[in-house]
Amino acid sequence: MNRLADRLAPWILIGLLLAGWEGACRALAIPSYRLPPPSAVAAALIANAPLLLASAWNTFAMAMIALALASFVACTIALAASLSNPLQRAVGPLAVALQVTPVVALAPLIQIWAGIDHPKAAVVALTAVVAFFPIYSGAVAGLSASDPDLERLFDLYGATPLQGLAKLRIPSAVPFLLEGHKVAVGLSLVGAVVAEFAAGSGGSQGLAWRILEAGNRLQTARMIAALVVLAMMGGALHAAFSALERRLLARWLGR
Amino acid sequence: MTEGARAVDIAALAGVTVDYPGRGRALGPFDFAIGAGEIVALVGPSGCGKSTALRLLAGLELPGGGAVKRTAGRGETSVVFQSPTLAPWRSASANVALPLELAGASRGEGRARARAALAQVGLADASEARPAQLSGGMAMRVALARALVTDPRLLLLDEPFAALDEITRRALADDVLALWAKYRPAIVFVTHSVEEAVYMASRIVVMTPGPGRLAAETRTDSPAPRPKGFRTTPAFRGAAEAVSDQLALAMAQPR
Numbered sequence: 001m002n003r004l005a006d007r008l009a010p011w012i013l014i015g016l017l018l019a020g021w022e023g024a025c026r027a028l029a030i031p032s033y034r035l036p037p038p039s040a041v042a043a044a045l046i047a048n049a050p051l052l053l054a055s056a057w058n059t060f061a062m063a064m065i066a067l068a069l070a071s072f073v074a075c076t077i078a079l080a081a082s083l084s085n086p087l088q089r090a091v092g093p094l095a096v097a098l099q100v101t102p103v104v105a106l107a108p109l110i111q112i113w114a115g116i117d118h119p120k121a122a123v124v125a126l127t128a129v130v131a132f133f134p135i136y137s138g139a140v141a142g143l144s145a146s147d148p149d150l151e152r153l154f155d156l157y158g159a160t161p162l163q164g165l166a167k168l169r170i171p172s173a174v175p176f177l178l179e180g181h182k183v184a185v186g187l188s189l190v191g192a193v194v195a196e197f198a199a200g201s202g203g204s205q206g207l208a209w210r211i212l213e214a215g216n217r218l219q220t221a222r223m224i225a226a227l228v229v230l231a232m233m234g235g236a237l238h239a240a241f242s243a244l245e246r247r248l249l250a251r252w253l254g255r
Numbered sequence: 001m002t003e004g005a006r007a008v009d010i011a012a013l014a015g016v017t018v019d020y021p022g023r024g025r026a027l028g029p030f031d032f033a034i035g036a037g038e039i040v041a042l043v044g045p046s047g048c049g050k051s052t053a054l055r056l057l058a059g060l061e062l063p064g065g066g067a068v069k070r071t072a073g074r075g076e077t078s079v080v081f082q083s084p085t086l087a088p089w090r091s092a093s094a095n096v097a098l099p100l101e102l103a104g105a106s107r108g109e110g111r112a113r114a115r116a117a118l119a120q121v122g123l124a125d126a127s128e129a130r131p132a133q134l135s136g137g138m139a140m141r142v143a144l145a146r147a148l149v150t151d152p153r154l155l156l157l158d159e160p161f162a163a164l165d166e167i168t169r170r171a172l173a174d175d176v177l178a179l180w181a182k183y184r185p186a187i188v189f190v191t192h193s194v195e196e197a198v199y200m201a202s203r204i205v206v207m208t209p210g211p212g213r214l215a216a217e218t219r220t221d222s223p224a225p226r227p228k229g230f231r232t233t234p235a236f237r238g239a240a241e242a243v244s245d246q247l248a249l250a251m252a253q254p255r
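Chains as they are written, first to last, in the working numbering: chain A, 1 to 255; chain B, 1 to 255.
Honestly, the hints are just simulated from the structure, not real lab data. Being a predicted model, the structure only gives us computed values, none of them experimental. Positions of the beta carbon are idealized from the N, C-alpha and C atoms, including for glycine. All the pointers check out, no bait thrown in.
Now the stretches of chain A that chain B is said to cover, found in silico as 3 or more residues with beta-carbon under 8 Å: (1) 146-156; (2) 243-255.
Distance ranges between label pairs, derived from CB positions: (3) A:Leu248 - B:Tyr20: 33 to 41 Å; (4) B:Gly73 - A:Leu83: 24 to 32 Å; (5) A:Ala231 - B:Glu166: 56 to 64 Å; (6) B:Ala116 - A:Val96: 45 to 53 Å; (7) A:Arg251 - B:Pro234: 52 to 60 Å; (8) A:Leu83 - B:Thr232: 56 to 64 Å; (9) A:Ile112 - B:Tyr20: 49 to 57 Å; (10) A:Trp252 - B:Asp174: 32 to 40 Å; (11) A:Thr160 - B:Asp174: 32 to 40 Å; (12) A:Arg251 - B:Ser135: 16 to 24 Å; (13) B:Glu241 - A:Pro148: 32 to 40 Å; (14) A:Leu83 - B:Ala116: 31 to 39 Å; (15) B:Tyr20 - A:Ala80: 28 to 36 Å.
Derived contacts from chain A toward chain B, CB cut-off under 10 Å, selection only: (16) Gln163; (17) Leu168; (18) Val174.
Input sequences plus hints: build the corresponding full structure.
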């Protein structure tokens, strides 16, 4: 009973807020370009569903391509850095510098490099920059987080550096890598939307573009409908990757 | 028996010292030797350098001064640490097979010998279990099987039962003695339990507080495996009292 109430609680709150919103719009006769009632948003959502879903797919695809790219680059660099202390120290400040530079500020530069004809490439590159850091720092931490006593055993049994990497350091890094990727998934969606705003123009055709476009036309209901789709996609993606991480981690640790 | 009269020394420390930067001297000068098939307990207060001495004997650390002599080669020495130190992503048998794998044995051969070693410690049925599914005592047995699978001439036990409850501790002590009676490796056994030392060892070396030096040495000529009720015999009580007195005397000495 209590668990049911717990599960329903957020939905009840959302329902109450929507009802209040709808009621206020009607009672105060707010113009719909300023604040459309939820019913108008729902209507816009249904009317534009194919377009919104196609745009959502575009944003999702760009985020996932960027995630894969960031994962590959971050893991490769972390692996190389783990084999060489000077390299690790050299890469560290650069990685941090990349992390603390706002992605919006990088957009014009990346746009020049990608070329005005390749807005999707620019978005993917900017998103990959955002997703890079959590994966890289997770990989670096994980690769140096093996049990010191296990390291001693590997020494004792005369393991080669390659054996130490393959049979101890990389397996020890798996939980950190899973965590890093989980964080990066959420960031990559945010990154994709921000990158689209900053560098997308019309060519990327993602959700951010739909929001901009509807805003320019004062189609506020469509704008909010696009936001709703974005929020739902973000929530679904986060839930899916959290569940995946939990399952993989439990499997890896044999729990 | 003097040092020189021992027929074969498996390993010996001659006037070794170990200093850690910033923390000063951790061990020595310390003399120690162990002959083939002997069980020696190293007893001393926390921080006296027992574990450091063990790492020197294992060849995992080099002394700042003095000499380490080892006739047991790299592949002939095994260590069991205070925690089981198992790789959580590997099954029990895969953990036990690890030293063989690192030495280049095939997967099939490694697993077969690992299963045999697990059977020796009474875990024939748990070979596919993951460490997370094992109790503390069972995990320690897996660590013991891993140490024995290489058929070592020198077995180094670093407070292996310290984290276990009394009943499990006694059962494991008997298991170690039974395995010793079968394979006769030389065993160095670090503990801060006087009872455990007297129960396990034929020679008990008492160390001074850190930096540890030799304080006293006691021999017990007790039968192995220990007869039932051995802990209540006058021989056991007498030796335990003697070692306790030596330890108290060592602790009272100015550093």
